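Residue numbers (the numbering used here), protein chains in the order written: chain A, 1174 to 1563; chain B, 4 to 139.
Hints are not guaranteed to be accurate.
Claimed, not checked - In silico lysine-lysine, DSSO-like type, Cα no more than 27 Å apart, as pairs: (1) Lys1435/A / Lys23/B; (2) Lys54/B / Lys1334/A; (3) Lys58/B / Lys1429/A; (4) Lys8/B / Lys23/B; (5) Lys1482/A / Lys34/B; (6) Lys1363/A / Lys1177/A; (7) Lys1429/A / Lys73/B; (8) Lys28/B / Lys1435/A; (9) Lys1429/A / Lys34/B; (10) Lys105/B / Lys1435/A.
To be verified - Listed next, the stretches of chain B that the computed footprint assigns to chain A, with coverage defined by at least 3 CB atoms under 8 Å from CB atoms of chain A: (11) 24 to 31; (12) 48 to 59; (13) 95 to 103.
Just so you know, these hints were derived from the structure itself, not from any lab.
All of these numbers come straight from a predicted model, not from anything done at the bench.
All C-beta atoms in this analysis are idealised placements derived from N, C-alpha and C, irrespective of residue type, glycine included.
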Amino acid sequence: MKGKPLVSIVSAGMSRFGKREELYGRELFVEAASEAFKRCPNLNPREDIKAAFIGMMGESFEHQGHTGPTALNWIGLLPTQAFRTEGACGSSATAIRCGLFAILSGLADIALVGGVEKMTHRATAEVTEYLAMACDFPFEQWNGLTFPGLFAMVATAHMHKYGTTEEQMALVAVKNHHHGSMNPKAHMQKEVPLEKALSSRVIAWPLKLYDCSLISDGASCLILTKPELAKKFTDTPVHIIGSGQASDTIGLYERKDFTSLKAGKLAGREAYNMAGVNPSDINVAEVHDCFTIAEIVAYEDLGFCRPGKGGRFIEDGQSQIGGKIATCTSGGLKSKGHPVGATGTAQAYEVYLQLTEEAGKRQVGGAEIGLTHNVGGLGATGVVNIYSRE
Amino acid sequence: MADDKPFTIESFYNFVKEKKLMGGKCRSCGKLLVPPKPLCPECFSSDLTWKEIPKNGKLRTYTVIHVAPKQFQAFTPYAVGIVELEDGAQLPGMIRNVTLDKVQVGMQLTVDFDAEQTTHEWPHWPRYYFKPTHPE
Ligand SMILES: [Zn+2]
Chain A
1174 MKGKPLVSIV SAGMSRFGKR EELYGRELFV EAASEAFKRC PNLNPREDIK AAFIGMMGES
1234 FEHQGHTGPT ALNWIGLLPT QAFRTEGACG SSATAIRCGL FAILSGLADI ALVGGVEKMT
1294 HRATAEVTEY LAMACDFPFE QWNGLTFPGL FAMVATAHMH KYGTTEEQMA LVAVKNHHHG
1354 SMNPKAHMQK EVPLEKALSS RVIAWPLKLY DCSLISDGAS CLILTKPELA KKFTDTPVHI
1414 IGSGQASDTI GLYERKDFTS LKAGKLAGRE AYNMAGVNPS DINVAEVHDC FTIAEIVAYE
1474 DLGFCRPGKG GRFIEDGQSQ IGGKIATCTS GGLKSKGHPV GATGTAQAYE VYLQLTEEAG
1534 KRQVGGAEIG LTHNVGGLGA TGVVNIYSRE
Chain B
4 MADDKPFTIE SFYNFVKEKK LMGGKCRSCG KLLVPPKPLC PECFSSDLTW KEIPKNGKLR
64 TYTVIHVAPK QFQAFTPYAV GIVELEDGAQ LPGMIRNVTL DKVQVGMQLT VDFDAEQTTH
124 EWPHWPRYYF KPTHPE
């Protein structure tokens, strides 16, 4: 039986993702928040919102910490209490979790949760260095590992154990760029042919340029309320009916299994149980495709297919729009872009659009149940949420 | 021996200076702690002892880095992997003295040590690395 609503999303907003020259994080956040406020005319933001949780990964990008009050200052929400959440690439999924804690505890009936990151003004080498901070420093970074390098080791292990191929990984890129070509807010709105993806330059073998997500600027947010209040703000609320989060070792080298991201898997199990649904009930999913191999691993960890069959799942077209579980309809981190702190709530934004039938050309017909899967770093943080329309 | 040294990352690298890989071992439950940690995450005991990690092991997974952060750009392309040593401990490290296309999962590797670091900035850690046990 389908679980009961835990909290309701009554509005959502997202800035355009991409290279947003001359705009800083707080200004991008204004774009996301204004959309959410505009969608929800019955909301009086400064009066009604009792707490804000905002994800951001790194101060290094903008020489700016203290994200919570900074963002609220720019969106007119002072003096509301503000919190920054940090879980690397999973930062704003943990903001959603904090929103759940706040609302379910009764301490706040209405909360704004979101995320932001400004990255593209930095040189690639600097971005590489800052992102690596999400991974172990004294052993992994110290020995020359990068973020792509760590996921490349997951890919090598997956290829060795299950025979997954570079072509299957490239197919994830082809699919997500196809989906992204239909998303007017995506960073890269164009198709990428398989040959182009496969022949792109090597970043960290076996991962090539088109196996990697984009370095982007962006912000996103949701307005959460307790379900009893949802109808006051919208006729089409989207409910979070299941949610889970787990942690794993910061270093990949401390794990026995390199072919699965356990925190994401455990978070998924918790969310499915809470929601009372099975993987086969999911119509749309936004999974953490920071690298193409990560999407293949996500299919397996979330039970979309059996362990080792992720390569086949993409090859058979099961994860494209029209397939069994339309995955990363937004274009994913791969094509929509990956402003790390903004990604978790941007995934929820896409599911919100799908479940309210506002996803335009990429709309999945009759989508009723959605899922988001957001991992931080090399899966040291894993968050899964399950959503349902009324 | 040396059980008075704290079970920290700094101690691990002080041992690397002496050309040794050392881990902690919990006296209460027997768990091997690599890297050393001041508290056994299995049974919460802090009754620990140092134990030398064997120098030989096999490669469990690897990558060849082409795009590196600034401090490693001079070495690209280079191989890095995770090695399972003979007692089951795992450590990441560079794989050197090898032709890159000869690197493969399962290959036998042996740890070796760089000459001491000369950098003046934190951290002052020396580096260990891996090389083929049977040279090409
Ligand atoms: Zn113990």
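Hint check:
no.: 1; hint: Lys1435/A / Lys23/B; result: violated (32 Å)
no.: 2; hint: Lys54/B / Lys1334/A; result: violated (31 Å)
no.: 3; hint: Lys58/B / Lys1429/A; result: holds (20 Å)
no.: 4; hint: Lys8/B / Lys23/B; result: holds (15 Å)
no.: 5; hint: Lys1482/A / Lys34/B; result: violated (34 Å)
no.: 6; hint: Lys1363/A / Lys1177/A; result: violated (39 Å)
no.: 7; hint: Lys1429/A / Lys73/B; result: violated (31 Å)
no.: 8; hint: Lys28/B / Lys1435/A; result: holds (25 Å)
no.: 9; hint: Lys1429/A / Lys34/B; result: holds (15 Å)
no.: 10; hint: Lys105/B / Lys1435/A; result: violated (31 Å)
no.: 11; hint: 24 to 31; result: violated (count 0)
no.: 12; hint: 48 to 59; result: violated (count 0)
no.: 13; hint: 95 to 103; result: holds (count 3)
Checked against the numbered hints above, the structure violates hints 1, 2, 5, 6, 7, 10, 11, 12; every other hint is satisfied.
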